[in-house]
Structure formats: structure tokens, C-alpha cells
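Enquirer: Listed in order, the protein sequences are those of chains C and R. Residue numbers for the first sequence follow UniProt numbering, beginning at 1 and rising by one. Residue numbers for the second sequence follow UniProt numbering, beginning at 1 and rising by one.
Don't read these hints as lab results, they were simulated from the structure. Among the hints, a few may not be true.
Identical copies carry no separate label here, and so any pair may be met within one copy or between two of them.
[Claimed, not checked] Each computed DSSO-like pair below joins lysine-lysine, with the alpha-carbon atoms no more than 27 Å apart:
#  : residue 1 : residue 2
1  : 257       : 135
2  : 376       : 397
3  : 348       : 420
4  : 471       : 17
5  : 577       : 135
6  : 315       : 135
7  : 420       : 135
8  : 575       : 420
9  : 419       : 376
10 : 551       : 17
11 : 135       : 417
12 : 412       : 376
13 : 376       : 257
14 : 419       : 180
15 : 567       : 257
16 : 397       : 257
17 : 135       : 419
18 : 303       : 551
19 : 551       : 16
20 : 575       : 397
21 : 575       : 417
Protein chains: 2
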Amino acid sequence: MDSDYGVLRELSEVQKKRALYQPEVPPCLQGTTVRVEYGDAAIAADPAGAHVISQAFPHTYGQPLAHFLRKTAVVPDAKVISEHPAVRVGIVFCGRQSPGGHNVVWGLYEAIKAHNQNSKLIGFLGGSDGLLAQKTLEITDEVLSSYKNQGGYDMLGRTKDQIRTTEQVNGAMASCKALKLDALVIIGGVTSNTDAAQLAETFAEAKCATKVVGVPVTLNGDLKNQFVETTVGFDTICKVNSQLISNMCTDALSAEKYYYFIRLMGRKASHVALECALQSHPNMVILGEEVAASKLTIFDITKQICDAVQARAEKDKNHGVVLIPEGLVESIPELYALLQEIHGLHGKGVSAENISSQLSPWASALFEFLPPFIRKQLLLHPESDDSAQLSQIETEKLLAQLVETEMNRRLKEGTYKGKKFNAICHFFGYQARGALPSKFDCDYAYVLGHVCYHILAAGLNGYMATVTNLKSPVNEWRCGAAPISSMMTVKRWSRGPSATQIGKPAVHMASVDLKGKAYELLRQSSSSFLLEDIYRNPGPLQFEGPGADSKPISLCVEDQDYMGRIKKLQEYLDKVKSIVKPGCSQDVLKAALSAMSSVTETLNIMISSSNGQTPL
Amino acid sequence: MDSDYGVLRELSEVQKKRALYQPEVPPCLQGTTVRVEYGDAAIAADPAGAHVISQAFPHTYGQPLAHFLRKTAVVPDAKVISEHPAVRVGIVFCGRQSPGGHNVVWGLYEAIKAHNQNSKLIGFLGGSDGLLAQKTLEITDEVLSSYKNQGGYDMLGRTKDQIRTTEQVNGAMASCKALKLDALVIIGGVTSNTDAAQLAETFAEAKCATKVVGVPVTLNGDLKNQFVETTVGFDTICKVNSQLISNMCTDALSAEKYYYFIRLMGRKASHVALECALQSHPNMVILGEEVAASKLTIFDITKQICDAVQARAEKDKNHGVVLIPEGLVESIPELYALLQEIHGLHGKGVSAENISSQLSPWASALFEFLPPFIRKQLLLHPESDDSAQLSQIETEKLLAQLVETEMNRRLKEGTYKGKKFNAICHFFGYQARGALPSKFDCDYAYVLGHVCYHILAAGLNGYMATVTNLKSPVNEWRCGAAPISSMMTVKRWSRGPSATQIGKPAVHMASVDLKGKAYELLRQSSSSFLLEDIYRNPGPLQFEGPGADSKPISLCVEDQDYMGRIKKLQEYLDKVKSIVKPGCSQDVLKAALSAMSSVTETLNIMISSSNGQTPL
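Isolated chain C (complex conformation) (with noise of 0.2 Å):
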């Protein structure tokens, strides 16, 4: 019922505490000035799609980088805004609830009203739905006092997770005319900073008023590339379910009898298992990426975790922790070819009871392998974007059975001498995403929800909110704004069933990087971490005390600072023009192009073979 949105409601002694909690803002975002420099014009990550980017989106592929810079920086020329004229700004929470989320809302408000106390921050009820329906509730302190620093999106609620047929698309602008918006936020994940801007570039197209800003919020923490370090919910995500791996793993060294298989919420990618397995040590993490990328069957990792429990068994431990990202499935290659087919046949109209009888004949075989309960969840429908429903298909139960089968054969041969193999199956996801969001989440999204009043202040379209350097304290984060189009790539083959998919520019998840020092710091430990037990509990997640500030372990070893790299070295190109101006000396200029020459050609050598050209 809408009336229920934003009511005041009735909060905990912790939820009490933690409304109280104000979050700083960065001193770049400080005062009622708003200082912006801005970069070159950002180019997309992916050299090759740049020309389908910019063709795709035509008013808003090339916008240069915004950084907003602190009152004391000394930039000539930035451009600096201290009139603030009344505005009207939309928005939405899309896709699916992240801890934090509220705190956008916030953090947005208070800049808002801080630089013009008759501007109006309008949300929609119920997500895209509320949209395109314009059904809003004015942001207020009151609606806010009992959703400040607090999880879920109950706030405003959401529905759908996608603003991208030709009708839902004029439905949101026909929304931000009505309502006589001067900006709409955006809040969500790849799927919805995707639609945002497919919407800003509409809206320009449409000489539409309306600005568009998308906010990078999800749980998965797949939103992450050189402008995006992390995404709000991540951490409280991960640290919810660390401790609850770490219950799980004190309880299977207490007990000493079971096998525990976790699977993780957090979409195709291994995001949340990788940090999760960082900070609780559990005994095997499997990430999808691995497996995708050494091309391991079903049968392969079933043998890997049935050779991990042997070993175990012969140190006399017959108890350990498995997790398993519910992406898993799709990274196995011969499942994800059966869904593939199966949802091939979705696509054709076929209906899930007929689907069986109509797969190739390899496809069939492997169907008929499964247990019965796993063939029921293949055949479920896919989702909007084509992947199967992760959430609902029951890999840890599957490797289980797979597992116990086999350990139960070699138990019989006496090539395993350990005890029964007993597993019990578990699935984390829907218990964190509603959580109570950790101060870094709190801090980050409030931050964000400032950003974009700064971005809108500017003027910018089709830009995502940026923060950088996030694990240095807060007082030292930069701040600024990306394109999106900058942040897409182009899928150039075949991707299930759904042709149309192919060649559209989108912001596209990221993958675990098997090269990046988090995966590194994993498998430097992942021998003690399988043989040793060297379970680490982080705890509860904690407001005050010790752990309380702690950030994302993956964050924090991360070496991610694009932002910052880039600005160093327009300081290093800045100063090689200013020492080597008319009038300098011969030897110094000669030294200066020997020196340049070479930097340019070893970058050009870079490039080309990163794009599979031969250098020119």
C-alpha cells in the first residue's frame, strides 16, 4: 500500500543508534560552492566497441571526466558554481534491494537543501513501476529520521528492475516532464546504470530537460571497473555473511561430523565468495571464474572437493566448510550449454514440461544425469537479461549428492578409509540483503547521494557518481563523476538464445580478476585454508569498537585508484611542458623527446597488443 511507504515506524535500540549516526562528507564536497575540473574526454574501457558506443549513444559517448576539487585546491580552470537555483530531483531505487541504499537518498537531500532550501527531492513508490506510474512521496526530514543509516529500500519500495522497452522509456520522461524534473537518480546496479544511460541519452536526444545520474548500488559488487572501485552493499554483505561462514565453520570444528556447502547470493560473478573467503578462511572456496576459465566439468570439481575431503580424512578431520557463488552454474561449461538449449527453447515458445523431449541428444544425456530436484530448477525460465535464475538453482545441493556419491564408491573400493561423508546444504543471500548497513556503506552512499547533487549542479548528463579511493579514510576520498558510456563494453559473441543482445553497447558485470592481488592473497593461503582449519571469525558486524571501520579485504589490497593515477600523471606531463619551455637548453630538450619518444612507444606497443593488432 503506497500510504505505507516512508512511514515513521518503530525502531531497536541499535536502530535508534544508528539513525543518529551522521556521516562526514569529503572536503571536496564541503561548503555551498560547487568546484568541478574536468579530464579529457573519457574513452571506452574497450578500445574495439568505441565506435558502436559512440554511434549508440551520440549525446553522451565522450564526455570528458568531472572531478570536484576542495576550496583549497588551486586549479585555474575549474569551473566553479555558487549559484544555486531552486531544482526538482527525481529518485528511484531499480533492481533489487542493497544495504544502503536509504543513505543515497539521504546524503542526496542534504545537499540538495544545503545549497537551496526550496529545492525538492521527489521519490517514486515501488521502483521503476512508481516511474512510470508517478506515484512520488516528497522527501522530507520526517519521511527520512527513520531510514537514515538502515537496510533494505522499504523506504520507497521497488518492483521491476528494467526502464528499457521503447514504451517504458517515454513513460519516464513523460514522468520527468510532468513532474518538471531537473534530475532523475538513478540507484542500482549494471542492468540499471545500463537503462540510465540509455535514458539520458533519450532524453538529450528528446532535448528533454531532465538530467540523468545513476548511482552504483548492489549487493554483487559487479558494478567495479576504473571509475567504480566498489558498490554500496558490498561490504555489509559480506560481512553479514563472513560471520554467518564463520558460525558455520566453529560449528562444524565443534561438531566434527559435517560438511558444509554454502551457496552465495551475488549474480554470475564471485565477487561475494571471494571476499567472504577472505575474511572467514573457510576450508575450499570454488569461484566461478576458476572454473570458467580452466574449463572444469561438473565432474572435475566433484573430484576436486572429493580429493580435498580425502585428504582431510587422512589428518582425521572429517568435518569442513565449502562455498560455492550461485553463479557457479553458469560457469560450468557443459551446464551452461544445457541452459543455453533450455533456454533457447523458452525462447521458442516451448513449455517447461515439453522442454525435455526436444534437447539435442548430448543435452538430453546430461539432463537425465541430474537429480530430479536440479532439473526442476534448470528449466525455470530465464531472467529479463537472459541468465538463468541463480537464486533458485541449488548447485551446493547438487555437488553435494555428486560428492557423497562418490565418496560413498570409494569408501566401498577402500581407496577412502575416512568416515560417512555427511553434508548439509545451506543458501546466504536473502538474510544479508536486508541488513543493517556497516558504516562504510552508510559513509559511502551518503558521500554518493552528495555527489550527485554535484553532478546535476554541473549539469552533466548520462554520468554515474564516483568515489575513489575509498580505502583511505573519508576525509581523503575523491570525488567526481564518469560517463557511463565510458564504463561499457560490446559483446561481440553469442550470448544465449537472445540475438538481440549481441553488438548493444551495456555496462557489463566484472569478473573476479584472476591477475588482481585479492585472488593472489586467496590462493597464497588456500592450501592451509583447505588442510589447516585456520577459521577466522570476524564476528558480528559491529558499530562501535574494534572492526566497526573495517573495509572490504578485496577493497583494501586492491591497488585501484584510477582516478587519482590519472591526475598524477597529467602532474608529470603538466611538469615536463613546464620545465621544458623556450628558452631551456638544448641538452635538456633532447633528453626530454629521447625520454618521450620511448614512453610513447612502448605505450603504442601496449595498446596495439591489447587490442590483438600488430603494433604499428
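Let chain C serve as the given structure and place chain R on it in line with the hints.
Expert: Just chain R now, with coordinates in the frame of chain C:
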């Protein structure tokens, strides 16, 4: 591997801080002198069983209650023990791990060493297995250092639940003799404490010098009686589960499309479900005790839930959260009867595959009606106490399926006009069982450990350590000991196929008191819980700040101070005696006689009617 027990291990920041936490002890346990006052001989709670119990426990039944007194207490006939020879004490974890167990060991160790540095505390490794095999680890400061205030039982491990057969009891006695133990402390729930009483009796009979002490530690909260207000672990379990349930509520309210059916670990009684409902305010909770009292069938329960779903849909709410205790399945009359038949056939050696064909016609009809997954679970072998394998029976899935079928029928019929009913099922238990214990559980367990030393210093055998007035601050806690046999009752009706259980005294699990204040509190709010979504999020378990010192709501509302009242009554009786001494006036004597005659008559009537007899 034994060498893994008690190892030093890496702790997280939160764990390290917890390891430094020092619980208080109440004044009655401070100092190096033990002062004990004996009350009247404790009678069995169930007077009708008293004779059977006294016959079964000739050496240990009818012993007096013991109260430990502070230094300043003026109690003329208190026994003061100020000499403390070195003792050797064994300690063993029995049954399922419960958060806080480690602190009993720590508290006992501190008390032992404070009274005589030469005393030794010996931990048995791997539970009762270690007790029988004399696998031990001497508890030292070093061993304890990384287990103080930490979850699990992994410092010593645990395996089997029972020490019951003659062979086991004799094995335990042999170990105690071989290790020259002055006392054996058994940490566990109803089953383990029954075993402790049996050991105590057998040891006394055999003139074995080892005294046996029980400690009430179980996450189920079902060891509850006049002497025991709550058990160690219950608070933590309820806090961890309530956090997760609240997160689900927030999630349901944000997504507005799912019903979450959550089954909670906690064995047959519904204490955990009741407490969690009081903490998190879900839409519905189905207590086993209510179902049993009203003899609701599975169809009645399904209809109740369906009507609730329909009432909510009429208020445009298509989401919700329903709590189900894992013991529910045994409270539903027809399912219980079916389980009894199945267990009876198991007892006769019928294999699981053949059971369904040998069921009585009505049981067979019910069995065939049930979905295949639950049939398989019902066929599992019963546990050692003849109850079903509750953790393995997915009652929440059964109910969700029945509700879905019924809602689809109503939708088709047109009597239900809401959205399609969607349920997602969860089982919360294992993920809480290994949690870091709450401050309350840390304190309670640590104090109980100290009480154990006082009991053995007083030379008591067959007693359970008790701490009462728990809802008050630690310095007002009252410490004492009660004979375990006085907590026993005798079952006089058949309970499952094992007729051997009938008539054998045991500490039985306590059900939720449907006349109690905690239940009343739930009932008062149940209609607003159902329709108004007044979800409350107690937040993650905190160790500092608000919420850190909270205690179970059911503990705080119940007015439980039985031991305090026994003492108060004694004071009144003493006062009457001191007023009405030879020499007092006739009037005073007459008034006293008349008043006391009326009191005794009233009490007589009450006792007789509760025994189902005509008053004398």
C-alpha cells in the same frame, strides 16, 4: 586430530577484543571462602512421580537446595568452607554445541585456581568419547587464551550425546577413578543433565569419590524449571536468528513479492521461535505448543496461513514472514501419529524402503498425500531419544507448498484476488550455533563455572549449578545448586515405540508456557504483527553500545525468581515464629492460628487439585 584441540589460533579484531572481556562474578562468589546455606530438601516438581524418583535415586534424591552466600550475609547456620585442598576436576561437553560453553570451563578454571593453585582442571577431548577413552587436555591459561568468550565447543570438541548404558556409565566411572577426579562437570541440556544425575547416583552407590555436577547449557532454552531460568546459549541463538529474521522482514517489505517461511532450530519446544518473534515482530509465528493445545491438523494450519495471506492481500500486502519451530512437525497430531508408526516399524527392524507398505491404512493415506521430499525425511531413523530428526524435516517447505496449492485454488476460484503467492524457505540454526556468545551468555556461563567450584567445595553430588534473578545486573544474581533429581518428572504415557522410556524419571524439556507472560505478550501483539508490518530489527549482535547488554525478552518478562521467593517465604515463616513465641498474647496466638489454618487449607486445595485428586 586430538592435537588440534585447544590450540592457539588466529583471532579477528572482534574476537581479540572479546577475548579480553572479563565477566564479573556476583558478590556471593567472591573471595576465597565458600559460604553455603542449605534449604529444605527439594521435592520433585511432579509430586506424583516423587516416589518413583526417590526409588531410582536413593542416594541423591531429597537432598536440600544450596544457596551460596556473600561475605556480609548474616545466616547463622551457614556452612563456611575456608580450607581448600587441591582438587582434580574433569569437565566434558555433552550434546550439541551452544554459544558460551567455553566460558563455563574458563569460570571453573578461575575459581579452582583462585582457591588452590595446585588444583587441576582436566578437559575431556571429543565429548563423552574422550571421557570413556580418557583422552584429556589439562586446561591452562595458554589453552584458554584464544577461547575466552568465543563460540563453539572446539577447544575440547564434543561427539556423542549420551552416557547412558551400563557399559558407558561404568566406563565413565573407570575414567574418573583412573584420573583420580574429585569431581566431574557435565555441560549440556536435558539429556546430558539426566545422564549427570544417573552418573552421580551410580557413583554414590559404588562409593566412587567423584562428585558429579551438571551445568544447563543448550541453545534450545528448553531446560527451564523452578531452579533454572534460562540456559547458556539461548540468548545468543535468539539474537543471531532475530537479526536474520529481521533482515528477511526488511527484505520482504522492500521487494514486496515474497513470503519467507523460516524454520528455526530449537528441538521440540518453541522457545527460540517465541523469543525471536518477540524480538523481530514477524507477521506470523506458529508455536508447536499452540498447535498441540488446539490439536490443529496440517490442514488447519495451512488454512490459518492462507487466511492470513488473503487478509494481507486485501491490504495490498503481498509479502510476509512466517516463523516455524523445527519441532512443529511433532506437534501436529496426525503427523506425530504417522511418525510414531514409522519409528515403531524402524524399531522392529523394517527397512526404510519397506516402511510405507506396512503402515496402517490411515497412516498410509496421509503418507501418500505428502510430497515426496517430506516422505523421505519422515522415513529417517529417529534420534537416540526417539524423537524425529527434526533438523532434517523441512516442515517449512511442506507448509509453503500446501499454502501455495490452496492460494492457487482460491485464485482460480476467485475468492482470492491478490498476487500469485510466492514462498521462499529457510532453515536457520547451524549458522547461529557457532556464533560468538553475547555478553549475557558470556557472563552467565562464566558465573556458572564459578558456581560449579562452590558445589564441589561443598561436597555436593548430583547437583546442577543454578544462577537466578538473571534479569537483574550480575551483582544481584543469586547463585546456588539444586539436586538434578528434583527437576525430574516421570512420564506415565506411551511416548513412541520405546516403552522403556515410560516410567523412567528424567529431566524433560520444558514447553512454552501458554499461560506465561512471554506468550501473553506475543498474543497481545499478534494481530498487529500480522497486518501492520511493525517489523523491528534488533540489529546484529553488538558487544559495545546500545543492545550490547540486552537479555532475552522472554527472560525479562517472565517473573521467575522461584529461589528468591522460596527464601522470602522462609523469612515470613521465621517472622511468624519469632512473633508467636511462648509469652505472646492469646489474641496474637489466635490470630496467627486462624490465619495459618486458612493458608494451609488454601494450599492444600491447590496442591490436591493440581494432582487431579479430590482435596482432603
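Enquirer: Now look at each hint and say whether the structure bears it out.
Expert: Here is what the structure says about each hint:
no.: 1; hint: 257 to 135; verdict: between (54 Å within a copy, 19 Å between copies)
no.: 2; hint: 376 to 397; verdict: both (13 Å within a copy, 16 Å between copies)
no.: 3; hint: 348 to 420; verdict: between (46 Å within a copy, 25 Å between copies)
no.: 4; hint: 471 to 17; verdict: both (25 Å within a copy, 23 Å between copies)
no.: 5; hint: 577 to 135; verdict: neither (55 Å within a copy, 77 Å between copies)
no.: 6; hint: 315 to 135; verdict: between (62 Å within a copy, 18 Å between copies)
no.: 7; hint: 420 to 135; verdict: between (58 Å within a copy, 23 Å between copies)
no.: 8; hint: 575 to 420; verdict: neither (69 Å within a copy, 66 Å between copies)
no.: 9; hint: 419 to 376; verdict: between (32 Å within a copy, 23 Å between copies)
no.: 10; hint: 551 to 17; verdict: both (21 Å within a copy, 18 Å between copies)
no.: 11; hint: 135 to 417; verdict: between (65 Å within a copy, 23 Å between copies)
no.: 12; hint: 412 to 376; verdict: between (31 Å within a copy, 24 Å between copies)
no.: 13; hint: 376 to 257; verdict: between (30 Å within a copy, 22 Å between copies)
no.: 14; hint: 419 to 180; verdict: neither (69 Å within a copy, 33 Å between copies)
no.: 15; hint: 567 to 257; verdict: neither (55 Å within a copy, 46 Å between copies)
no.: 16; hint: 397 to 257; verdict: both (18 Å within a copy, 25 Å between copies)
no.: 17; hint: 135 to 419; verdict: between (60 Å within a copy, 20 Å between copies)
no.: 18; hint: 303 to 551; verdict: neither (35 Å within a copy, 47 Å between copies)
no.: 19; hint: 551 to 16; verdict: both (23 Å within a copy, 18 Å between copies)
no.: 20; hint: 575 to 397; verdict: neither (60 Å within a copy, 68 Å between copies)
no.: 21; hint: 575 to 417; verdict: neither (69 Å within a copy, 71 Å between copies)
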